[in-house]
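> Chains as they are written, first to last, in this note's numbering: chain A, 1 to 558; chain B, 1 to 229.
The reader is advised that the hints may include incorrect statements.
[To be verified] For each label pair, taking beta carbons as the anchor points, the in silico distance ranges come out as:
1) 214(B) with 184(A): 49 to 57 Å
2) 53(A) with 14(B): 52 to 60 Å
3) 318(A) with 14(B): 33 to 41 Å
[To be verified] Under the rule of at most 25 Å between Cα atoms (straight-line distance), these lysine-lysine pairs were calculated in the DSS-like manner:
4) 374(A) with 347(A)
5) 160(A) with 148(A)
6) 347(A) with 184(B)
7) 222(B) with 347(A)
8) 265(A) with 377(A)
9) 135(B) with 468(A)
10) 164(B) with 437(A)
11) 500(A) with 135(B)
12) 308(A) with 160(A)
13) 160(A) with 202(A)
14) 119(A) with 29(A)
15) 488(A) with 148(A)
16) 164(B) with 470(A)
17) 428(A) with 164(B)
18) 135(B) with 556(A)
19) 374(A) with 308(A)
20) 436(A) with 164(B)
21) 222(B) with 331(A)
22) 95(A) with 263(A)
Hints listed in this document are in silico derivations from the structure and should not be mistaken for laboratory results. Note that the coordinates shown come from a computational prediction; the quantities given were computed from them, not determined experimentally. Note that CB positions come from ideal geometry on N, CA and C, so glycine has one too.
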Amino acid sequence: MKKIGNLLLIAALFLSVCANGQNIALTAKCSRTAVDLNETFRITFTTNARRGEITPPNFEQFIVVSGPYQSSQTQIINGRVSSNRSLSYDVVAQKKGEFVLPAAFIIVDGKRIESNKLKITVKEGLKKKNNIQQQAEESFNVTILSSKKAVYVGEPIILKFRATLFDPVRNLDIIQSPNFENVLQQQLDSKEESYREVVGNKVATIYDFDKRLILPNTPGVLGGQELKIRGQVQVPTGQRDFFNMPLMKYVPQVASAKIPAVKIKPLPDGAPSHFTGGVGSLNLIREISRREVSGDESITIKLRIEGKGNLSTIEVPELSNVEGFDIYDPKFNENIRFGERGITGYKEYEYLLVPQYRGSFVLPEIKWTYFDLKTDKYKTVTITEDTLTVRNPNLAASKPNSNLATSSEQESTLLDEDIHYLQNIDIKTDRRGLIKKGTLILLAVLGLCWLWQLAPKRTESKGSNWRKIKLREVQKAFSSKDEKRYGKMLNALEFGLVEKGLNLENVTKINLQNTYGNQIGNEIFTLIENCNLAQYAPVSSSNDDSNMNAFIEIWKTI
Amino acid sequence: MEDHLNTIADSARALYDRGLYRDALEKYDALVQSQVHESALYFNLGNCYTRLGELGEAKVNFERALLYDPVNESARHNLDWVNLRISESIQQPQEELLHWISESARTILQPETWTILSCCFILISLSLLIVRRTKMVDFTWRWPFTTTVLAIVLLIIGQISVPKSQLAIVIERNSTGFSEPSSKSNQVVILNEGNSGIVIQEENNWSHIKFSNGRVAWFSSKDWENILP
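Chain A with its partners taken away, still in its complex shape:
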C-alpha cells in the first residue's frame, strides 16, 4: 500500500514537471468564421496552461447568448502528458459586416500570453439551412408595433413589443433592448398579454411583452438598435422512440425586430414668441385664492398647465413680479400619468404673495402658446390682467414705481432685520418624574400624619411623662445605691406636691391629710421624714427597699 502511494506521488510530480515543461499557448477558435445574421455560433479559447484565468476579449460587436462554458482535459499518449482548458461562449452578431474579435489573454507566472484575433464575417442569407434549422427559425418571430406612422416632435408614440409563437418555445428572454435615439421613453405599466390568433395558415400564440411611450425630440426617422430575443425552440430530431413517436429536442434560437419606420416631423414654422415647446391638447390656468385682502393675510396664486400632451418636457410659465407684494419661492406640484392614450395630468407652481403695501395692484396678463395636435396649428392661451386689492390699514400706502428690491432680496433683508436671533437653551435634566413621585409620597405621608392627629389620645394625664421619668430616676438611683438617692426621691415628691400647690419645705402633716386623705397623707409625711433622715445618716438596704416600695405606692396615688 505504501509503495502504491509513493508511485502515485512520483507520477503526479512527473506529470506536473512535464506540463510545466511545455510551451504555454492560448488559442481562439470560432465554430464558423462566416455567419448569418441572428445565427448562434461558438467562440472557444483554449490553453495548455494549468494555472491562470483566461480573460476573454470585449464582445463589443456580438451578443453573448449563453456561456461561459468551461472544460479541461488531460491526456497521456505514449507516455506523453498533455492537458488543456477551454472557455466557450455562444454568441450572435448584432449587424452585418466584417469584424475582428480582439485577443483574449492569460497571465501565467507574471507573463501575459495573448490569443490570436478572430476575423468573423456576418452576412444575411449566408447560411444554408437544413430542415431543422429552417423549422427552428420559423417557430417564432418578434415585431415592434407603432401606434403612429408619422408624428410631430413632442407628440407621443406607443410602441408594443410582440412575439408570435408558432411552435412551443420556452425561456424567452430579451438579449438586446432597442435603444431609441433622440427620444424620451417611458415604460408603461401593462400586464403581459397572450392570446391565440391565425397568422397566415397557422394558429399562433401572440405574446405582447412590453409597451413603451416614446416622445421624440428631434425631427427625422425613429432609429436605434434593433430588439433581439432568444428562446429555446422545440424541433424534431429525426429519430423515433420505442413507441414510434418522433423524438423532439430544444435548440436555441434568436429573433430580432427592427425599429418601426416612424417619421418625426418638425413643428411648423412661425411659432409665436410665447411658444415654449408644448405639444398636445393643453391649457394654462391661473387660480387666485382671493382678490382682496383686508387683514394680515396673503394671496395664493396657482399657475397650472393641464391636459394631454408632452407635459413631462415642458415648463410652467413663471409669475412675473407683482408690485406691492413679496412673492415667495413657488411650491411645485405635478401629477403626470403615462398611459396608452398618451401623457395626461397637470403640473403647477403655487405662489404665495404677501402684501407689503396698501392699495390696488395689477396682476399682469399672461400669454402662453402650444402646438395643438387637433388642428395642427399653434394656439395661444391668454389670461387677462387682474387686480389685487390690499386694505390692511397697518400697511403703508403703495408707492408707484418705487425702487423696491427684488422679492428674494427684500425677504432676506426682512428676515435679517426683523426676527430675533437664537436664544440660549438652559438644558436641564428632566426632573418632572422625580418631583411628581416625591410629591405623591409626601402627600401620602401628610395624609397619614393627619389621620394620626385624629387618632384618640391615650388616657394618661398630661403629666404622665415626667412622672415616669422621675420614677425611673429614683428607681435607678436606688438600684445603683447612689448617695443622692434620697435627695432624688425628695425632689420627685416635691414635683408631686407642687402639682397640688404644696411646698415641700413648709408642708405639714395636716396639709397632706387635707390634700390626700389621712392615710396617704400620713404615709407621704413619714416618707418625707425618712428621706430627710436618710440624707444625714446611713440606711440599711432593707430600709431602702421599704422606702422605695412606699414611694412607688405613694407615687401611684399622687
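Following the hints, put chain B in place on chain A, whose structure we already have.
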C-alpha cells in the same frame, strides 16, 4: 448627559450661523427627541423653519415656545412676524378661562417650581403635625391645617400650570377639510398654511378640527401639527 446635549445645542447654533438651517434644525430636533422641552429650544426651531420658509412649522414652534414660557418676548415678536406673512382665513380660536389661568400661573413660576413650593409646605405641615403630636400637645391644629391647605393650593396651581393645548396648525401649503373622515366625502373648506383650530377628535390619520366660528371639518392629520408635542 447634559454636557452632551449642550454640545448638540452649540453645534446647532454654529450651523445656524453658517446658514445651514436644515442641519441646525436636525440638531435641535435631536434635543427635542432627548426630552428637552425648553421655550428657547422651540424658539430656535421656529427660527430655523422661518429661515427655510416653512412658516406653518415656524408658527407651531413659536406657539410652543410661548406655551412653555408665556413671557418669552422674542417668541412673541417672531410669532407676530410669521403671522404677518401667512394668510389666516379663519381667526385663531380663543382659549378658555382655565387656559388663561394656566398661562398666568406659568407667567409667575414654572410648573415644576410650583410643585417644589408645594412640597416645601407639605414638609412644614408634617413637621408641625409631628411636633404637635409628640412634644407640644397644646399646639393648635390651625397652623398645620393652614400650611396643608397652602400646600394643596400650590399643588393645584402647579397642575393647572402644566402646558395643555388642543390647538393645531396647518403646516402644509393647503389643507382640505372634508365633511367625513374620507377624501371621498364633501369638501367643506380649504385652509392655507398657518391656519389653526382645536383638535376635538383623532381617528385613523384624520383629525376633527373645530374653528373659532363653530364650524368643524375633518382634515388629514399629516397636514396639521399639534401645538403640544
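> So which hints don't hold here, by number, going up?
Hints 15 and 16 contradicted; others consistent.
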